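Asker: Sequence:
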Amino acid sequence: MVECVNAVEQWQAALADAGELDADVVDRITSVHGSRGVRAIEAVAEGRVKAYNDFTVVVGYDDEYIVEDDGCTCKDAEYNLDPEDPTELCWHALAVKIAREIDAVDSHDMFYSEVRDLL
Numbered sequence: 001m002v003e004c005v006n007a008v009e010q011w012q013a014a015l016a017d018a019g020e021l022d023a024d025v026v027d028r029i030t031s032v033h034g035s036r037g038v039r040a041i042e043a044v045a046e047g048r049v050k051a052y053n054d055f056t057v058v059v060g061y062d063d064e065y066i067v068e069d070d071g072c073t074c075k076d077a078e079y080n081l082d083p084e085d086p087t088e089l090c091w092h093a094l095a096v097k098i099a100r101e102i103d104a105v106d107s108h109d110m111f112y113s114e115v116r117d118l119l
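Mapping to the UniProt record's numbering: the sequence shown position 28 is 28, numbers consecutive.
Treat the hints with care, as some may be off.
Unchecked claim - For each label pair, taking beta carbons as the anchor points, the in silico distance ranges come out as: (1) H108 with G71: 30 to 38 Å; (2) D106 with D22: 16 to 24 Å; (3) E84 with M110: 20 to 28 Å; (4) N6 with N53: 28 to 36 Å.
Bear in mind the hints are in silico, worked out from the structure with no lab data behind them. Predicted model only: the values in this text are computed from it and were never measured. We put the beta carbon where it would ideally sit given N, CA and C, even for glycine.
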């Protein structure tokens, strides 16, 4: 077992060990992230984490958000979260972390810019 430094790494390790979103992991995520954790889990369960050749995108209710290296294009990440605190993540970034760990990312062999052009 890898030594965990922060609360995010702790639930990630628990998720890796469980291999699925069991009750213990869900409790860990929601105790650290509150409603952001709940929304992230819902997005993963609904298959709204999409990987393209250039970006990983989370489909929100009003828009799609690009997530790269725990950063996100959403307003929550831009205005409300401390980018220096690794435990402060928007629900889109959380959804990507969760989906990657349990192999729940919907992968598409195309570029996101192509998708945006179709919309």
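Asker: Each of the hints needs a verdict: does it hold here or not?
Answerer: Cross-check of the supplied hints:
For H108 and G71, the Cβ-Cβ distance of about 21 Å falls outside the hinted range of 30 to 38 Å, so the restraint is violated. Restraint check, D106 to D22: a C-beta distance of roughly 22 Å satisfies the suggested window 16 to 24 Å. The beta-carbon spacing between E84 and M110, approximately 34 Å, falls outside the hinted interval of 20 to 28 Å. Take N6 and N53: their Cβ atoms lie about 31 Å apart, and the range 28 to 36 Å holds.
In the structure shown, a violation is registered for the earlier hints numbered 1, 3, in ascending order.
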